Structures are given as C-alpha cells and as structure tokens.
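Student: Chain residues, written in single-letter form:
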Amino acid sequence: MDLTLVMQGVLSGLLFGGVYSLMAVGLTLIFGVMRVVNFAHGDMMVWGMYLAYMLATRAGVDPYVSFLVCAAALFALGLLVQRGLVDRIVDAPHEMQILLMLGVALVLENVALLAFGPEPTRVRSPLASATLWLGPVFVDVARLVTFLVAVTLTSALGAFLYRTDLGRTIRAAADNTYGALVIGTDVRRVYAVAFGVGAACVGAAGALVSPILPFQPSTGLSLSVASFNIVIIGGMGSLLGAFVGGLLVSLAESLGAVFLKPSLKELFSFSLLIVILLFRPAGLFGRRSA
Amino acid sequence: MTPRLTRRAFLRTTAGGAAVLGFPLPLRAQAKTFKIGAIHPVTGALAEPGQACRLGAQMAVDAINAAGGVKSKGGLRLELILGDTQTKPENGRVEAERVVSHGAQMLLGSFDSGSTNAMVSVAQQRRVPFLIDIAAADPITANVARSVKDGQQKVQYVYRNFPTGSSFGKRAVQYFIEIFKEANVSPKRVVLMYCNDLFGQNQARGFQAAHKAANPSWDIVEVIPWPEPPTDLSTEISKAKAAKPDIIAPITRPASALLLFPEIRKQRIEMMGIVGPGSPGIYESGQIAQLKEDLEYVLTSVPWANFKNPKTSTVAEEFRKRSGGKTFDTNSGYSYDAAFVIADILERATTLDDPDAIADAMKKTNYSGGLMQYGGPVAFNELGDNANAIPTMIQILSQKPVAVWPKEAAVQKFVFPRPRA
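Residue numbers (our numbering), protein chains in the order written: chain E, 136 to 425; chain W, 17 to 437.
Treat the hints loosely; a few may be bogus.
[Stated by the list, open to error] In the BS3-like style, the derived pairs of lysine-lysine whose C-alpha atoms are separated by at most 30 Å in a straight line are:
#1 W/170 x W/89
#2 W/51 x W/87
#3 W/48 x W/89
#4 W/282 x E/396
#5 W/87 x E/396
#6 W/337 x W/308
#7 W/416 x W/337
#8 W/429 x W/186
#9 E/396 x W/186
#10 W/204 x W/308
#11 W/87 x W/327
#12 W/337 x E/396
#13 W/186 x W/324
#14 W/379 x W/186
#15 E/396 x W/324
[Stated by the list, open to error] Not the full set, but computed from the structure, chain E residues with beta-carbon under 7 Å of chain W:
#16 257
#17 349
#18 401
Everything labelled a hint here was simulated from the structure, so no lab data went into it. Keep in mind it's a predicted model, so treat the numbers as computed, not measured. For glycine and all other residues, C-beta sits at the position ideal for the given N, C-alpha and C.
Please take these sequences and the hints and turn them into a complete structure.
Tutor: Right, dumping it as structure tokens:
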C-alpha cells in the first residue's frame with residue numbers, strides 16, 4: 136500500500152469531516168432541546184447553498200463571507216417554521232413530528248426545484264481551487280477553512296450554551312421543561328431561539344460547503360441521512376458528539392475508499408453506525424436517558 | 017343594491033362557460049392524423065433528459081407537418097400522443113397501453129432501457145410498430161429478434177436508432193487507439209473511473225470488454241467506481257494519482273463531473289490528458305460555465321449532432337429557444353431524428369392500416385436525412401439495430417464542445433496530449 140495515499144486519505148478525510156460536523160451540529164442542537172427530529176434538515180441546508188449561490192452570482196459575494204448572511208436568513212426561516220408549525224406539535228408523538236417535518240422538507244425541496252431547476256450546480260470561489268502542498272501530500276484550502284470554521288462555530292455554540300444566560304435557559308428547558316416553566320422561563324421563546332440557532336448552523340454549513348459540494352434540489356435527503364448517521368454515532372443531542380462523529384464518519388469513508396473500492400465507502404460509515412449502536416446504544420457522547 | 021357575485025354563482029357561470037368552450041372541440045371536423053405514442057420520462061429523476069426528448073420529437077413533428085406531412089399518403093399529418101413514465105420502468109407498459117388505446121398506431125421512446133423494455137411487450141403483443149429513439153441495453157432488440165427467429169413470434173415490430181451498450185464500448189476503445197496513433201503518442205497506463213450506477217456500470221463494463229477484445233498497447237491499470245451522486249471524490253482522485261496514469265478515463269454524470277474535474281486539477285496529476293468513454297451532459301453550457309478551465313481539453317465519446325449539416329445548426333438554435341437555452345444533444349437529437357425516420361417509414365409503407373406493412377417498411381429503412389452523426393444511412397441489421405448509429409469524440413476547446421473524431425465528423429483538430437499548465 137502506498138503510504139502517501141494513506142496519509143492523503145487520512146488528511147482529506149479529517150478535513151472533509153469538518154463539513155460533516157457542521158452539518159450535524161445544527162441537527163443535534165434542535166433534537167437536544169426540543170426532542171424534535173428535523174427531517175427538513177438537509178433541505179434547509181440546500182437552501183443555505185442556494186442562498187450562497189444567489190449571493191455569489193448576483194452580488195459577487197464569496198460564500199466564505201456570505202455564510203453569515205445565509206446563517207441569518209436560515210435563523211429567520213427556522214424561527215418562522217418553529218413558531219408557525221413545530222410549536223404546535225412539540226408535545227405530539229414522534230410520528231406526528233416526523234410527518235410534519237417531512238412535509239416541510241417536501242415543500243422546501245420542490246420550491247427549490249421550481250426556482251432553480253433540476254440541474255446540479257456549484258458555487259465558484261477562488262479559495263475552492265487553492266491547494267497547499269506539504270511534500271507529496273496536499274491540503275485543500277477550502278476544506279481547511281471549512282474545518283476551522285466548523286471548530287470555531289462548534290466552540291462558539293458550546294460557549295453560548297454554557298456561558299450565557301440564554302444558553303443556560305435553553306439547557307434548563309431541555310433538561311426539564313416542567314421545571315423551567317415553574318421558575319418562569321418562557322419555554323416557547325427558548326424553543327424558537329434554539330430552532331433558529333440550529334437552522335442558522337445549517338445555513339452556515341450550506342454556504343460554506345457550496346463551493347466543495349455540488350448540489351441540486353434533491354440533494355437534501357442524502358444530506359439529512361448523512362447528518363442523522365453522524366448525530367446518532369455521536370449521541371443524539373450532544374454537540375461534541377456531532378463534531379467528533381462528523382470527523383469519524385468522514386475518516387471512515389476516506390479510508391474505506393483508500394483500502395477498498397470507493398463505491399463501497401458508504402458501507403464503512405453505516406457499518407460504523409451499527410457497531411457503535413451495538414456497543415454504545417446512546418452513541419459515543421450520548422446519555423443513556425436521552 | 018348591486019347583485020353580489022357569490023361563490024356558487026361564480027362556479028355556475030365559469031362551469032357553463034367551460035362547457036361551451038370545451039364542447040365544440042371534438043365536434044369540429046378534423047383532418048385525419050397519424051397518431052404516434054411518444055413516451056418519455058418527463059417527470060422524476062430523468063425529467064431533464066426526458067423533457068429534452070419530448071421537445072425534440074415535438075419539434076420534428078411540427079417541422080414535418082409544416083412541410084406538408086406524409087406526402088405519399090395525401091399530406092397526412094402526424095400527431096404525438098404524449099406519455100410520461102415518471103421515471104418508473106413499469107410505467108413503460110402502462111403508458112404504452114394507454115396511448116395505444118387512444119389510437120396510437122406507432123410508438124416512440126423512451127430514453128431509459130427499463131421502461132423501453134416494458135414498452136416492447138406491448139408493441140409485440142398488440143402489433144404496434146415501435147421505433148426506439150434512445151435506450152442502449154443490447155437485449156431490448158436482441159430478445160425480440162431471437163423470439164422471431166425461433167418462431168415464437170411472427171413479426172419484429174421493434175427497431176432501434178441508437179448505439180447499443182456494447183457498441184459504445186467498442187467505439188470508445190477504437191477512438192482511443194486512433195487518437196493516440198494520430199497524435200503519435202503511446203500512453204501505457206489508463207485509469208478508468210466511473211459512477212457506480214446502472215449507466216456507469218454498463219459503460220464501464222462495455223469499455224473493459226472492448227479493451228480486452230482489442231488488446232491495445234495500453235492497459236487499464238486501475239478501475240475506480242464511486243457512489244453516485246458523490247459527496248467527495250478527493251480520495252478517489254488520490255488513488256488515481258497513485259496509479260501514475262498517462263490517461264484518466266472518466267464516466268461521469270453532471271453531479272459527479274462538478275467534483276471530479278476540479279479535483280483532478282487540484283491534485284496536479286501529470287498526464288497526457290483526460291479521455292472519457294462517455295460523460296453525458298458535460299457539454300451543456302451550464303456545466304462548462306461552472307467548470308470553466310477544469311473542462312478545457314477534456315475528450316469524451318458521446319452521441320453527437322452532425323454540425324457539418326447546416327440544417328443541424330438551425331434546428332439547434334430553435335431547440336435552444338424552445339428549451340430555455342439547452343444544447344441540442346444526444347437526447348433531443350435522437351428523438352428528433354426518430355420522428356423523421358417514422359415519417360420516412362410512413363412514406364414508404366404500402367398501407368398504414370396494416371401494422372405489418374409498416375413493420376415491413378421499417379425493416380427496409382435506408383434514411384440519410386438525420387441530424388445526428390452517423391457512420392452511414394439509418395438502416396437496421398438482423399437484430400433491428402442501426403449499426404451506423406455511432407458516438408463521436410468531442411473535446412472542450414476554448415470553452416465550447418467541438419466534434420474532433422472520427423475524422424469525417426471532426427470540425428476541428430483535437431488537442432492531445434494537452435498542453436502543460
């Protein structure tokens with residue numbers, strides 16, 4: 136086996152893991168707080184991508200700048216979806232929630248189809264074609280940047296949840312909704328903010344990966360599935376779990392492509408899921424009661 | 017007080033109006049038309065090519081009718097009865113039954129091999145001559161030809177004007193050998209990369225089988241499939257690089273092309289060039305606009321329109337307008353030609369009331385007015401396939417797709433090996 140190839144595989148896998156982590160953080164936040172599985176997750180991300188695409192093609196804004204705008208836009212969308220729809224079914228059984236979120240996913244996907252057409256597309260950015268060479272191994276600058284932003288965003292989100300009053304309130308509402316209500320927390324507002332922040336993470340993730348990952352309206356479903364896989368591996372509701380899970384899944388796929396046929400690489404990520412569920416049913420960083 | 021328009025009143029009025037407007041249509045005296053069931057995947061995953069096929073066929077029928085219809089049959093006009101498989105193979109049969117019950121006397125379709133095969137059973141059972149415009153799987157026609165030969169069925173009603181899967185592979189290997197010879201180079205190591213779906217697998221298998229049969233001086237040293245659509249191809253390209261290729265031979269879909277070509281450039285692979293056995297869609301202006309220099313000098317073997325024929329450019333321009341800016345390509349082109357081949361068959365058929373007479377005229381087809389690049393006239397062999405339906409090697413030069421091989425199809429000389437960056 137070619138050592139350079141293995142090193143390259145590890146490096147590419149870890150860096151691309153940043154993309155996966157970003158995807159998963161928003162999903163895990165929403166689930167952790169509300170116990171609602173957001174099946175529209177991937178489609179929200181696709182909307183983040185299309186927003187970045189429009190900003191790049193119409194206004195000439197690079198996605199590595201416009202991801203902040205996309206995050207803000209998706210925050211608003213998340214708030215709207217939460218206040219208008221999710222709020223009504225927060226206490227409903229899971230299957231009701233799943234149906235609603237699948238409905239939202241269908242609407243988002245088909246509006247994108249109407250607006251942008253079925254062809255796959257990609258955002259061009261000068262950063263996306265830049266590479267750094269470390270001897271025989273190369274570093275993809277776009278992925279490096281995405282990776283660093285993923286680390287920063289996850290840390291910032293952690294700081295927000297653990298160091299600010301609003302963050303503490305969100306965690307309180309997540310831990311014990313009834314208790315939070317008793318001490319006078321506006322749980323509805325907390326939920327809306329949490330859903331908005333989760334959606335904002337996805338929006339940022341969409342914009343940041345739009346130069347790396349080609350997308351079309353139907354991409355949403357596969358992104359949702361990949362995100363669920365990561366979140367379950369990391370532990371539903373755990374931020375650190377989503378981050379580490381993203382890196383692990385990407386590394387597994389990359390090394391799978393190195394050592395076996397690349398067409399089998401998804402076998403690796405989903406086998407990882409099964410193995411982890413066998414030995415740690417709550418995921419790597421999940422709590423049993425979750 | 018002014019009368020208020022209530023919902024009921026509104027509905028009554030509009031329904032009455034609709035009835036008045038809608039009724040006279042079937043009563044109006046109409047000239048007799050020859051109905052062709054045109055079935056394509058117009059919705060679902062293959063909606064994009066399916067819609068291109070439908071528009072191609074419709075444009076051809078419009079042109080035929082505008083030029084006076086089928087002259088030997090008193091200017092008989094053609095009419096398409098449209099069908100949609102929704103990209104579900106089993107619907108090929110359902111839709112074929114439906115259009116036949118609506119009076120279709122011939123069938124045209126249907127892009128993907130699965131639904132085309134489902135249409136074949138209707139064509140043979142109900143004796144409806146069927147011209148396949150696009151579908152590559154070899155067995156579709158071969159199975160019918162065999163059952164006719166074995167005496168299980170009397171007449172073959174199914175013919176195909178499109179390259180077969182195996183012929184794609186053979187031609188690609190042949191073009192590789194010829195281009196290397198013409199360029200006076202002798203690459204040794206070819207890395208084959210393909211999208212691991214039905215299309216990609218068939219193309220890759222055909223290419224490998226043809227390579228084995230031709231036994232050329234170059235080897236396929238590594239075969240790298242990826243799941244389609246992919247999220248990341250960097251490791252795949254690293255793997256290709258590790259195989260020290262002279263040539264990378266990719267089989268891509270539009271989604272994977274957006275990942276593959278930039279990644280090849282990023283990883284700076286020293287090689288003679290990218291020469292593919294077939295990547296549908298990379299010639300679309302949208303793809304070229306997105307990939308820009310990453311597509312420059314890429315060669316790929318695809319069914320291509322013959323732009324040396326001045327009529328092709330006119331039709332391509334009309335297609336661009338009616339499709340909202342799309343390239344007149346494999347899909348629209350072969351469906352366009354199919355409608356003209358049908359018109360030619362109807363001209364020669366002794367009578368249109370007997371399906372066997374139409375099938376007989378079909379069998380004897382020798383038509384050379386097609387807009388696609390052929391190796392000779394449209395004529396059907398013993399299997400019902402047109403051996404002259406061949407792909408063309410095209411190259412992206414100065415951000416435009418250009419036919420470069422075989423020589424008689426070339427509008428420009430290829431640039432190979434590609435200049436070093």
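Student: Confirm or reject each hint.
Tutor: Status of the hints after comparison with the structure:
1. Distance check on the hinted pair: residue 170 of chain W and residue 89 of chain W sit about 27 Å apart at the alpha-carbon level, within 30 Å; holds.
2. With a CA separation close to 16 Å, the supplied pair residue 51 of chain W and residue 87 of chain W stays within the 30 Å bound.
3. The hinted pair formed by residue 48 of chain W and residue 89 of chain W meets the criterion: a straight-line CA distance of about 11 Å does not exceed 30 Å.
4. Only pairs whose Cα atoms come within 30 Å are accepted, and residue 282 of chain W paired with residue 396 of chain E is accepted, the gap being roughly 22 Å.
5. Taken as a hint, the residue 87 of chain W and residue 396 of chain E pair is broken in the structure, with Cα atoms around 58 Å apart against an allowance of 30 Å.
6. With a C-alpha separation of about 23 Å, the suggested pairing of residue 337 of chain W with residue 308 of chain W holds against the 30 Å cut-off.
7. About 18 Å separates the Cα atoms of residue 416 of chain W and residue 337 of chain W, which keeps this hinted pair within 30 Å; it holds.
8. A hinted pair counts as satisfied when its Cα atoms are at most 30 Å apart, and residue 429 of chain W with residue 186 of chain W qualifies at roughly 22 Å.
9. Distance restraint check for residue 396 of chain E and residue 186 of chain W: the Cα-Cα separation of roughly 25 Å lies within the 30 Å cut-off, and the hinted pair is therefore satisfied.
10. This hinted pair checks out: residue 204 of chain W and residue 308 of chain W have alpha carbons roughly 28 Å apart, not beyond 30 Å.
11. This hinted pair checks out: residue 87 of chain W and residue 327 of chain W have alpha carbons roughly 21 Å apart, not beyond 30 Å.
12. Taking the CA atoms of residue 337 of chain W and residue 396 of chain E, the gap is about 43 Å. The hint is violated against a cut of 30 Å.
13. At most 30 Å may separate the alpha-carbon atoms for a hinted pair to count; residue 186 of chain W and residue 324 of chain W meet this at roughly 24 Å.
14. Taking the CA atoms of residue 379 of chain W and residue 186 of chain W, the gap is about 25 Å. The hint holds against a cut of 30 Å.
15. Straight-line distance between C-alpha atoms of residue 396 of chain E and residue 324 of chain W comes to about 43 Å, which puts the hinted pair past the 30 Å bound.
16. Because the closest C-beta pair between residue 257 of chain E and chain W is about 5 Å apart, less than 7 Å, the hint holds.
17. The beta carbon of residue 349 of chain E is positioned within 7 Å of a beta carbon in chain W (closest approach about 4 Å), and the interface hint is therefore held.
18. Residue-level restraint check for residue 401 of chain E holds (minimum Cβ-Cβ distance to chain W is 6 Å; threshold 7 Å).
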